[in-house]
Structures are given as structure tokens and as C-alpha cells.
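In this note's numbering, the protein residues as written are 81 to 312.
Read the hints as simulated data drawn from the structure, not as lab findings.
One or more hints might be untrue.
What follows is a set of in silico ranges between Cβ atoms, one per label pair, in the way DEER data are often shown [stated by the list, open to error]:
#: 1; residue 1: PHE135; residue 2: TYR234; range: 32 to 40 Å
#: 2; residue 1: ARG105; residue 2: GLU233; range: 35 to 43 Å
#: 3; residue 1: GLU166; residue 2: GLU270; range: 46 to 54 Å
#: 4; residue 1: ARG95; residue 2: ASN246; range: 20 to 28 Å
#: 5; residue 1: ASN311; residue 2: GLU132; range: 48 to 56 Å
#: 6; residue 1: LYS193; residue 2: PHE135; range: 20 to 28 Å
#: 7; residue 1: ARG95; residue 2: GLU277; range: 45 to 53 Å
#: 8; residue 1: TYR165; residue 2: ASP136; range: 18 to 26 Å
#: 9; residue 1: GLU294; residue 2: GLN204; range: 29 to 37 Å
#: 10; residue 1: TYR240; residue 2: GLU214; range: 13 to 21 Å
#: 11; residue 1: ALA174; residue 2: TYR234; range: 55 to 63 Å
#: 12; residue 1: LYS276; residue 2: THR139; range: 47 to 55 Å
#: 13; residue 1: HIS198; residue 2: THR139; range: 20 to 28 Å
No residue lacks a Cβ here, since even glycine has one placed at the ideal position from N, Cα and C.
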Amino acid sequence: MKRYEEILKDFMALRDEKYRVFNERVANIPDGTSLGIRIPALRKYAKNLINETGFDFETLFTFPEDIFEMRMLKCLCVGYAKVPYEEKVSLINACVPRIQSWAECDVFVSTLKDLKKHCMDYRQNILGFAESAEEFTQRYALVILLTCYMKKEYLPTVFYVLGLVNTELYYVHMGAAWLLAEVLVKFYEEGVTYVKEGSLAVKTKNKGIQKALESRRLTVEQKKYLKSMKNG
Numbered sequence: 081m082k083r084y085e086e087i088l089k090d091f092m093a094l095r096d097e098k099y100r101v102f103n104e105r106v107a108n109i110p111d112g113t114s115l116g117i118r119i120p121a122l123r124k125y126a127k128n129l130i131n132e133t134g135f136d137f138e139t140l141f142t143f144p145e146d147i148f149e150m151r152m153l154k155c156l157c158v159g160y161a162k163v164p165y166e167e168k169v170s171l172i173n174a175c176v177p178r179i180q181s182w183a184e185c186d187v188f189v190s191t192l193k194d195l196k197k198h199c200m201d202y203r204q205n206i207l208g209f210a211e212s213a214e215e216f217t218q219r220y221a222l223v224i225l226l227t228c229y230m231k232k233e234y235l236p237t238v239f240y241v242l243g244l245v246n247t248e249l250y251y252v253h254m255g256a257a258w259l260l261a262e263v264l265v266k267f268y269e270e271g272v273t274y275v276k277e278g279s280l281a282v283k284t285k286n287k288g289i290q291k292a293l294e295s296r297r298l299t300v301e302q303k304k305y306l307k308s309m310k311n312g
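Given these sequences and hints, build the entire structure.
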């Protein structure tokens with residue numbers, strides 16, 4: 081297993097100063113807390129790292145997490161690891177509390193599509209994350225639903241989680257709106273019923289409707305009706 085110093089040396093060779101400035105602004109992370117490594121390069125590095133002789137997560141998780149790329153590396157390694165479901169869940173549980181930005185959250189979730197094979201088993205984990213007080217832990221729950229649970233049979237879980245999360249937290253609010261928008265586009269009737277009857281905050285419902293209106297998958301009449309449902 082590579083030492084932290086070796087990984088950091090590799091990272092320094094991949095850094096891009098212009099991208100660092102851009103990414104810190106977009107991801108809303110403190111200035112100087114990243115190196116500016118592009119996500120495709122990080123993905124490639126993670127895939128190579130987990131295939132190296134002697135790699136182990138116990139060592140990886142001990143490495144300092146003061147830079148964005150190291151937190152992202154841990155998440156990506158977990159995402160790409162080919163391990164049994166129970167072990168994968170344990171590793172995910174170790175990663176989620178480390179997330180400190182929407183970018184880490186969303187890129188991590190994008191590597192977890194194999195959870196689609198275990199939707200019923202994983203449902204309880206999602207509820208636990210949604211009940212957390214942590215902003216990005218709640219967002220994780222929402223983005224997992226968006227990525228892996230966009231089927232009609234899971235709508236009760238989606239609506240239940242939307243009612244659990246604290247949308248006073250900005251990135252939870254945005255994640256919930258994104259999720260609601262996707263429901264409105266894919267399951268219009270059910271989504272409209274939820275907008276009418278669900279407990280989601282008005283500002284988040286409005287944001288979700290706004291995002292849905294940007295979709296080309298809704299008809300003119302559907303968009304007209306959604307506009308009429310916006311409040312304020």
C-alpha cells in the first residue's frame with residue numbers, strides 16, 4: 081500500500097492551478113484546500129490504486145483529509161472496490177461522514193450505481209442518512225435516491241425521505257429540489273400529487289418545479305400546470 085507521502089507526490093504531478101481556483105469556487109470549498117486535480121484523473125488514480133498489491137482501506141482511511149482530493153480519493157476507491165455488498169455498505173458508512181462538499185457527495189454517488197442491485201436492502205441505510213443532522217450526509221441520501229431509486233415502486237421511499245430532510249440547509253434544499261424535479265419529469269402524476277400534499281418546504285417545492293420546467297420531457301400543458309402550482 082502506498083504511503084500518504086507517495087500519493088501526495090503523485091497528486092502534485094497531476095495538479096492544475098487554474099482548475100484549482102475554478103473548482104474551489106464551484107464546489108464552495110475554502111481557498112487553498114485543494115490541489116486542482118481533475119475528476120477523470122482522480123478516477124483513474126483511484127482505479128489503479130485499489131488494484132495495487134497490498135492496498136487496504138484501513139490504511140487509506142488513516143491518511144489526513146485536509147485536502148479535497150484525498151477525501152475524494154477515499155470515496156472513489158470505495159465506489160470502485162469490487163467487494164461483497166455487506167463490506168461495501170461498511171465502507172460507504174465510513175466515507176459518508178468524511179464528505180465536506182456537494183462535489184464530493186455527487187461524484188461519490190456516481191460510483192455507487194451497483195447499489196441498484198440492492199435497493200430494498202439499502203433502503204434502511206438511506207433513511208438513517210436522511211435523519212442525520214449533517215448537511216452532506218442528508219444530501220447523500222437524496223442523491224442516492226436520484227441515482228438508484230428512480231422507479232415507481234420506490235416513490236413512497238423517495239417521498240418519505242423528502243419529508244425527513246432539513247431543507248433549511250442549502251445543499252439539502254438543492255438536492256431535494258433536484259430529486260423532486262426528476263420525479264415530476266418521470267412520474268408526473270405522482271409528482272404533482274406530492275407537490276399538492278407533501279410536507280416539503282414551499283421554497284424547495286418551487287425550486288423543484290422550476291428545475292422540472294427546464295426539462296424537454298414535459299409537455300406544454302404539463303409545464304403550464306406546474307407553473308400554476310408555484311407559490312410566492
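For this session: Compare the structure with the hints numbered earlier in the document and write down the numbers of the violated ones, lowest to highest.
Result: Hints 3, 4, 11 not satisfied by this model.
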